[in-house]
Every structure is written in C-alpha cells, then in structure tokens.
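Student: Sequence:
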Amino acid sequence: MAEGAVFHLLSNFAPYLREEFNLSSGVREDIEYIRGEFERMTHFLRVADATEDRDPKIKAWAKQVREAAYDTADALDMYMLRLRHHHSTGFDEYVHKVSFFIKMFKARHQIASIVEGIKSRIINISEGHQRYSNIYGEIEQGSSSTPSNIAWDDCRGDALLLQDDDLVGIEKPKSHLIEWLLDEDPRLKVLSIVGMGGLGKTTLTKKVYDDAIVKRHFQNHAWITLSESFKVEELLRDIIRVLFEEFRQPLPRGVDNMDASSLKGIIHAFLQQKRYVVVLDDVWGIHAWHVLRIILPECNCGSRVILTTRNVDLASFASEEYHGMVYNLEPLPREESWALFCSKTFKENSCPSYLEDLSKNILKKCEGLPLAIVAISGLLSTKQKSLNEWETIYRSLGAELERNDKLMSMTKILSISYFDLPYYLKLCFLYLSIFPEDCLIDHWRLIRLWVAEGFIEVKERITREEVAEGYLNELISRSLVQVTSIARDGRFRTYRIHDLWREMIIVKSREQNIVTIASERGRAWPEKLRRLSVHHNLEDIQQNICFTRLRSLLVFSAIDSLSMLSKIASFGEGAGLLTVLDLRGAQLETFPPEIVKLFNLTYLSLRATNVKMIPKSIGILEKLETLDLKQTNVTELPDEILKLQHLRHLLVYRYNYPSSPANIGFKAPAGIGSLLCLQKLCGIDANQGNNSGIVLREIGKLTQLRRLKIFGLQKEDGTVLCSSLEKLNKLRSLSVQPMDKNGILDLNSLSLPPPLLRRLVLKGRLEKIPHWIPFLHNLASIFLLWSKLKDVDPLEFLQDLPNLLNLTLRDAYEGDGLVFKAGGFQKLKQLNLIALVGLKWVRVESSSMPLLKYLQLRDCKLMMELPSGVEHLANLKEINLEDDMSETLISSLNRDLQGGDYWKIAHVPKVWIGDSKSGVYTGRYLR
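Counting from 1, one number per residue, gives the positions in the sequence shown under the UniProt record's numbering.
Calculated from the structure, these hints are not laboratory results.
Among the hints, erroneous ones may be present.
[Stated by the list, open to error] In the DSSO-like style, the derived pairs of lysine-lysine whose C-alpha atoms are separated by at most 27 angstroms in a straight line are:
(1) K840 with K821
(2) K840 with K861
(3) K365 with K347
(4) K667 with K612
Full structure from sequences and hints, please.
Tutor: So, in structure tokens, the structure goes:
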C-alpha cells in the first residue's frame, strides 16, 4: 500500500518544481533528490506490496516509506498555500507586497528546513536497508517460499474437508450441475462456477465431482487446484501425474525435464478420443485459462471442464468459448443460514431466546456465506452463552477476524482475493471502509471521490473518471464489490460490499491510516489524521484531535457539521490541506463560511442540504473539481463560479415531485462556456429572459461535456441549443425539458447529433420525432415523456436502433394501438408503457424484442387485454401492471378463468399487480 502513497506524490511533483515558486537552488536540489529516491523505491514497493501483510520486516519498511511520502506531500502543499497571493490596489497593494515578501521569506526558510528533514529520513530509510538490495532479496524470497505464505495458500484446501452436516442447501445445485454434466451434447463444454471466496464453490464442485454417477460417466478424471502465481511447467506435471496415476501408468520418461510445449503435448495426446472431466479449481485470471485450454482436446466425446473462480469476466469468457454455462453461486437463504448456524453453535439444542436477536445480528454479518457461518458459529460454540460476551464478539468482529485462531482459516480464504489485487485496486478497495454499514454506494459519488483523492492514474486520451470506472469494474469482476441496482440502460447505479469484507477492510484501513472512522468512543486515534468518516454524531470525536493533516472529511447522518468545520478552520493554514469535504444530507441552512478557507479543496458536496445561496467567495476555491449541490435550494450561481477553471462536475438541480413533474435547475452566469474542463453540467435553467440565447450558445464551448441536463427550454430557443449540441462530440447523456409538460420541444434543426450519445431524455411535447434519433447507433436508453404524439407512431423511428436496451413512453403517444414489428428492437431488455391514455391494444409480432426481460404497463386505462404476442417473449422475467389498468385486463389473468389470458404469461416468473386507486399503493404478485 506504500506504493499508492508514493504514486500519488510522484504524480504531483511537477508544480512544486516550477520556477514561479521561487525555491532556492538547494531546496530544489533536495526535492529533486527526494523525487528520485521515491521513483527508485517504486519497483521494490510493487514487489513488497504483495507480501507486506505477511512479513513484519517488509511491513515496517513499507510503513516508513508510506509515511515519508505523506509527509512530503503535506509539506509541499503547505508551502504552496503559504505563497497564495491576494490582489490589492494602491497603498493596500504596497502593504500587501511587503507582507507577501516577508511571508515568502519565512515560507522558503520553513520549506528548506522541512525538506532537509525529509531528505534525511529518506536517506535513513534507504541506507537502513542497504539501498534496497537486501530488501529486494527478502521480498523475492518471501513472495515464493516463506512458511507463512505456504500456510496462507494451503488453507484453501480446508473447503474440501467440510463435513456433510456443514453442507446445507447443496443438494439442489448439485443435482442441477450433474444433470448439465451428463447432457448428451458431444461437444467439449465448460461449466464455470463463480462467486466470492467462502461461498462454497470448491465444496459444491467436489460433491459433484465425487458423485458415483459422474465417476461412471467419464473415462478420465482430474482435479487440479491452481494458485495465484503458478509455474506453468509444475502445473502441467501435476496434471500428468493425476491422469497417469488414475490408471496406474508409469509417468513418461524424462517428464521432469520437459519444457511446457512437450508437457502440453503429452496431456493432449492422453485425453484424445476420451470422455474426460477436468476440474480447474480456483482459477484467478484469463492468463491461466489460456495456458490450460490448449491441452484440452475437442474430440466430440462429451467431455466437460468445471472451472471455479472468483472472476466473473473469466467465467463468462471460458464458458462462452466452449458452449458452456456460468453458474453464479448464491449465498444461503435466511432459513438455511439460520439452520446451519444453530446446528453448529448450539449442537442439538435450540437457540436460547435471550440470545436470539443477537445471534441473528451476528448471522447477518455472514450474509449467507457458508464458510463464515461455520467458522463464526464454531467460535461461539466455545464461548459461554452470555449476552455480554456475545455482544463483545459482535462489536469487535473485525478485530476477531484478524487475531482469533478459530476464524483465521476463513479470514485467509477471504483475504486471498485482497492480496491478489494490484496496489491501485487495494487502495480503492480499502477506501470503501469510509461508507457506513448498509450504506448503498452511489456509482458517480464513488468515482468522483476516488478521482478527488488522487487514487486514479492519468492515462493518455482517457479521462480519470473513465479509468476509475475501469477500476470499479475490475473489483466487481473479482467478486469484491456487489452491484445492488442497475439503471434501465444497463449502467450500474449502486453497490455494497459484504459485511465481513467491510469488517476486514476497516481494520486494514485503520492500520495503514487510510481512513479513520468516528463511530466508537475511547478508541485510539492516529497521530496524523488523514481521512475522517463520521458515521454517527460528532460527539464520538475526541476533543483533543488535531486536524492539521486532514485531507478528507465525510459526514454521514451527523446532527451538527458546523462545529466540526469551525474546529478545522480554526487551524488557519493547517486547515488548507483538506481536499475532500462531503456533507451530504447534513442539517445546513446556509453555506458554511468556513468552507472558503479550505483553499486546497477539490471536492465539495452539500447535496440534500437546505442551503439556498452560494456566496461570491466560492471563487477562492480555485482547485475545485466537483461541486455537488443537487437536491439543495440553490437556483442561481454567482459570476465568481467562473474562476473555478478546474471544475469538472457541476450538479445544481432538484426534483420537485410531487408539487410539479418538472425539475428545477439553476441560472448560470453568461460566461459559463469558459469552464472548459466541465464533463457534467446538471442542470442549467434555460429560461433566463434575454440571457437564454447567450447561455445556450455558451454550452457549445464546453467540448469536454459527457452529461448535460437543460430545464425550462422554450420552443424558440431550440435552434440555438441544436447549434451547440453539434459541437459536443463527447456527450453521452442528454436530458432536455421545457418549463412544464405542455411546453413544446423543437430540436429538429440538429443535423449532426453527438455520435456517442447513450442516454436521451426528452420531456415535453413533440410535434414530430426528431429526424436524427434513428441515427444514434450507440443509444442504449430513450425516455419520451409528455410527447403527446398523435399522427406519428414513435416505434417506426426507434425499432431499428441497434443498441437500444430501454424504452420508456410516458404520455408520449395518443394513438389507439402500437405494433412491435417482426425483427424490431433486437437488443431491448426493458419496455415501459405509461399513461398512454388512448392506447387500446398492443401487438408483438414474432421475432420482435427477443431479449425483453421486463415489461411495465401502467395507467393505460383503455387496454382491455394483454399485448397479443406476449407469449412469444421467451426471455421475459417480469411483468408489472400498475395504476388504473382495467379490471377487465386484470381479471382475465385469473388462472382458473376458462378462455382467459393466463396462458399468455404462464412462462413469466414474476407478474406484479399494483393499485393506487384508494390513495394508498398496494400490490401483489400474481405468481
């Protein structure tokens, strides 16, 4: 993890060495020396990163390097802050210049002293380990052969030793997988069993592999367990031994000295024209699969490969390549989890009533993870059945995972996934501890925080936000982050992490001083507090805590944020290091004046507060990149916002339901086009009188925009907006709406629409469908709301969009029928037909919408029957019928009604019927 701190420091050295900061030659040379030493350390840190958690000496060295990097960044940032120059005029300017030179002299003297001290530390760190050579030897040796490392890897075999009574809920998936293995298809197939560590992938696979029917069906059987860093030749020799020993055949002569190519040839020849089953257990990456796939002959004998992995991408890749299946292993349901927990904790007895609530709270931490349930219940079974003792274990579970021998095996199995991460993903993953328990993590909030914290590598021709999304996708693929909600266009919206992972990363994050959580009184606080997350009330924070090194402050559900800010601001220049300030949901009525003293701020969120006005002094925060004022009462920004030339994300709007269906944006300064770094602008109120045309014309200068929301557009301003949109070639998402739902949108003068547009929201009356929509080949989601089209069938213009995943029509069409024609909407997965007041019938022709999974019909009062042809939608998983759908239609779905329509939806797993006619929303699942 030290590499993360060094990487961040190295990426920010350039500004400190520019001539304008008037560094003396000696200080400049010392900083150059420090930079050079940190650069030389990075190679060794990269190797040390994989083993520092297992070797105390390496861990201590890495900690020294990490703290030195942090202190260097703090010193240089503080120096820059002390040289801030405030403009004055006349006599005031003269006084200011004198003051400035005095200030600069002191700052140069102080920075010289600090840099000299840091240089001395770096020399000691380096020379103390003999200029890294001995460290490198220790790391290399430790990474491959230390006893601790062997023990760490071997613990994965514990999953094969579980007793039958530990295997709750295994029979159904076992039966399903055996049936798949014995399928008569002669082609070679790959079954990928995927899920996070501890779910029981290996255990389930072993029970399938050892089943007598499976043993009889296949001629050859091989079970191969991989490690993260396997050696190809050794792995291939292991496979040869397993295959030859099964038939008690002698190993080929000279096998110990053969190269990889010869070994692969032996295996391939041995399996040729045989029906075999090979288990590849715990495969970590696609590289390992590429090594192994070449040895598996495709001889049309009905052979099968079972691959277990924590990597979703690998599972999909391997199974798709060989006509297979991905089996996502799910956690145990609540009832089965409770049965397993009680059987292991209380043996033959039932859970005492006084421990039941606490037991269920402890079990909730396991979240259906069989390995965790067995391990934690095994620990509890040795404890007295005392409420106090169990309460202590529950509160200190994170620490117990690190130190308790009874939980060590489980901890190691889970931690293998963490140790396999590259340093940049480790840092991003540990940062997730900043969020409270059960807090759903918003996609864009996390992306913007990672960027603001400096965790994201700068890459050519790709934004930091896009790099961050790649990091997040990799964590998801590795089963470390769980997706909890998906947008209608297929984008991931919110995430969470498993409770046990959260307990573990809180401990690791605290140990490495990445995040400090203010949630427990009486706990030890780090000497140099760097990132603080307040999960409850500010009274949890000790009064004597020093915030002079604080870089990030996130407050969740705090009653009073002002006292915290006042204390931070009271440190004067010491407060200037704060980079991230997130006060989302805090009880704030006015913009805290302390904020404008935080000169280093790059991320500021006052989302969901009651702040009404932003002061002109906001212009002081020249480093600001994210300003999140969504769901506040701010409707106008001062002209000084234009001084924030690094601003990338500007969010100033609120939803106004239920009083009005329209959203409310903000009145932007006339020069908004000068903010050339803006990627997200949500959302501008275009109704600004004489300034409307000026502001809309300025939008065309924002060529880096990815997302744009515009409110209050008037019909006569459509041409100006279209002229600007033609210049926004990087735009991915566009939302436009007039003053109210009866306002007309005229966007027909747009000749060259943004080519990368994926999401389009048009709220307002359309006299016709904009002619350019059918040419949006990247469009994944389109929302037409209040369009009130009469003589134009919108489906004619939309059916051939090649990548459309989601279509929502709300009060968009006033005709009596819609036809989804054969061959149309080939990628569509969600269809929402809402408040189509004239709609009487819908027809779905054969081969239309073949991938549709979700269908919503809502408030279409005149529809008397289900869409004809709905029975052809083989992939349909859910139908929602809501709000004022006719009683005739609903009653026709009674399965006992002869001649009804139930047969049309018999193949759909979920059918929901909702009703709000009584003023209270109620609903039921028909099936």
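Student: Confirm or reject each hint.
Tutor: Going down the list of hints, with the structure as the test:
For the suggested pair K840 and K821, the alpha carbons sit about 17 angstroms apart, so the restraint of at most 27 angstroms is met. With a CA separation close to 8 angstroms, the supplied pair K840 and K861 stays within the 27 angstroms bound. Restraint check: the Cα-Cα separation between K365 and K347 comes to about 21 angstroms, which is no more than 27 angstroms; the hinted pair holds. Distance hint between K667 and K612 is fulfilled; the C-alpha atoms sit about 13 angstroms from each other, no more than 27 angstroms.
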